[in-house]
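Undergrad: So you can see what is in the structure, the chains are spelled out below.
There are 2 protein chains.
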Amino acid sequence: MAKNTAPVGNMLIAQSGGPTMVINQSLVGAVLEAKKHRQIKKIYGSLHGIAGILGENFIDLRRESAANLEAVAQTPSSALGSVRKKPTKDDCRAIFGVLRRYGVRYFFYIGGNDTAETTHIINEEARAHGYPLQCFHIPKTIDNDLRENDHTPGFGSGARFVAAAFMGDNLDNRALPGVKINIIMGRHAGFLTAAAALARVHPDDGPHLIYLPERPFDENKFAADVEKVYRRLGRCVVAVSEGICDKKGTAIAAKLSKEVDSHGNVQLSGSGALGDLLAGIIKSKTNISRVRADTFGYLQRSFPGIASPVDAAEAREVGRLAVRHAVAGRTPSGSVTINRKPGPKYAPLYGLVELRQVSRETRHMPDKFINKDANNVTPAFVAYAAPLVGPLPKIGRFKGVPVPRPS
Amino acid sequence: MAKNTAPVGNMLIAQSGGPTMVINQSLVGAVLEAKKHRQIKKIYGSLHGIAGILGENFIDLRRESAANLEAVAQTPSSALGSVRKKPTKDDCRAIFGVLRRYGVRYFFYIGGNDTAETTHIINEEARAHGYPLQCFHIPKTIDNDLRENDHTPGFGSGARFVAAAFMGDNLDNRALPGVKINIIMGRHAGFLTAAAALARVHPDDGPHLIYLPERPFDENKFAADVEKVYRRLGRCVVAVSEGICDKKGTAIAAKLSKEVDSHGNVQLSGSGALGDLLAGIIKSKTNISRVRADTFGYLQRSFPGIASPVDAAEAREVGRLAVRHAVAGRTPSGSVTINRKPGPKYAPLYGLVELRQVSRETRHMPDKFINKDANNVTPAFVAYAAPLVGPLPKIGRFKGVPVPRPS
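Top line first, the protein sequences correspond to chains A and B.
According to my numbering, the residues represented by the first sequence are -19 to 387, in order.
According to my numbering, the residues represented by the second sequence are -19 to 387, in order.
One chain only, chain A, in its complex shape (with noise of 0.2 Å):
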């Protein structure tokens, strides 16, 4: 057996990145297993993630009771605050002297892709400079897009208020017909946009169309999509990714915007602007009146009370798991992972990886997930995705025996 190199020292926990509905159930789950090793001394939380280290803004997570701890696991959001910052070399000097001066041995990063990008810069410079820490990076996402993961926490829960709300606009749109678009978060991969499918319950039901970054976005195929399922069904009901791209491969919502974050993201949400655009071509270029498009927005990150209890579980899991693996000390440093065991019962296998094989680039939704044409998902995905949502909200509709007409 190996030796347990585990250091005894403090332990810092943030969080970076967009928000999650179940985010909190990993840093809950990290703090109270923390608590059961001898090694791990101060529990600090940075506020906002590495600007937390940089300014010395820490809270003190031991004050926390328990009932505390399980109230703010069931919350959505980050509750140490977040950040969106890729550090610089000087940026992870200063972090080693803060984190020296506190006597943190202990990191852990709650976040996706870009977050672990910024574990496995701070590891590496650790390691450069000598200096001993624990690096743990932590998954989350809603994009549902870190390599190495069937997939991620926060995505389930995400996943549950897309298919919830499809259900309810559909309803909507089967009540007053007309097109409607709903734009879905999800910067390079599908998977959120794609849940809207669980939202299906009778043939007719929406979406009848999904769009995905996955595959080129053209606008004379999306209008005569649209149109045929309107001469169809007499309404269309339309799941489109934030994401989606030209046949160059630029995003169509960043051409309407300008901001970048310092990981090289363009703003995407927090505008209805793609929405109004594909409204408008659907406007222009067919006879259909009545168009509308919604943009989902922050609400799939951050509504309270319709986590997924999978997805709950398992982010309270991850945390826990990569504070047992830390105090371990087998390895300094990793990322935790969830795959999916074999066999016909969901069941989550957890693992850790390496920090740079999960950090930057993402994965996208895998071919057999979309269909050939390009504007839906197989069913496939629907067994891939229906247990990380669970259960969703019963559905009622009349039989509706027609009347016959008086002689």
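It is possible that some hints are incorrect.
What the hints assert, rightly or not - Below, in silico cross-link-like pairs of lysine to any residue (SDA-like), each with a Cα-Cα straight-line distance of 20 Å or less:
#1 A:Lys348 with A:Asp130
#2 B:Lys374 with A:Pro289
#3 B:Lys379 with A:Gln54
#4 B:Lys65 with A:Gly158
#5 B:Lys325 with B:Lys379
#6 B:Lys379 with A:Leu49
#7 A:Lys69 with A:Leu34
#8 A:Lys21 with B:Pro384
#9 A:Lys379 with B:Asp40
#10 A:Lys374 with B:Lys325
What the hints contain is simulated information worked out from the structure, not anything from laboratory work.
Remember, predicted model here, so these are calculated numbers, not experimental data.
Position chain B relative to chain A; hints supplied.
TA: Chain B in isolation, oriented as in the chain A frame:
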């Protein structure tokens, strides 16, 4: 005791205007009550309101099982389909021709003020044509703007969605600070937008500013208000009604749209244009860099699984009462109302008014519900709305004991 002049005949029920989360409760309440009365023979549902009468598209609601009626009652949106159509005199003549052939003596129309106007027109024309018809309006509108009512079925559930959404969005904004503007439905009345105030748990919680159609909107004051909050808290969450108007009373969103329905209403929903316009104002008039806008859109009236229990029960009851009034025969027409019993504990007080009293014109937020600065609501509004909305998600927050800096 007055003689019961209620006829024996068939009943027709229909839904009109924007769907709500509980409009099917009213429909099912009416159907279940109708089944108890020997005066009512067939129970027909007209598909898409009066369009279904003109097209003779009826379904037989006696053929729906009790279990299916309950499932539909729990389901958002208008199960019979909806329409936005004001009948002409020719339409009315055609309608009576159809009603006569189908032996219809009871007509129930579920909707808002435009629907009440249509019911009123049909009732007046029926008297003029000598067509004997019990003609009742059943209230519904998320806008909460029917005259003669304390509140309206659909509002409590829409308000519950809005309040929960702001709870989550406030946390999202706290995690990644900036200015966040959310556009809420409400053409003439600010009730639904005002319900965002119910999201506040802690003193620094958003929405920090609320703009309603009842007060003229000035973009310079708006920018100054936002900047003031941002300077104090480092962030700002804003609730804005889609119906906000300039000093002349012209809806700002109406300037961005060209679509008008037969009741003269310009399209306000189904576009992100107003939110993007307001975000642009903040970006151009302040130095704040992170400004985002979401438009809650149709989810406010259609999201499944989160209806307010009080709202659902009251929606059921107004449907039931409309049928009871109709078969009681003391009056051939009317609109069921909901007011509030005096006293400290909330209890509804149902009544009946003439159709003309609730048709066409809408009511607005009373002055006592709006602050002097015209950018927020008063505690009186919160006390008014809270019992209608029901329980909201519990929000956890860290006590957040700061870690002292090492000396």
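Undergrad: Which hints from the list above does the structure break, by number from lowest to highest?
TA: 5 and 10
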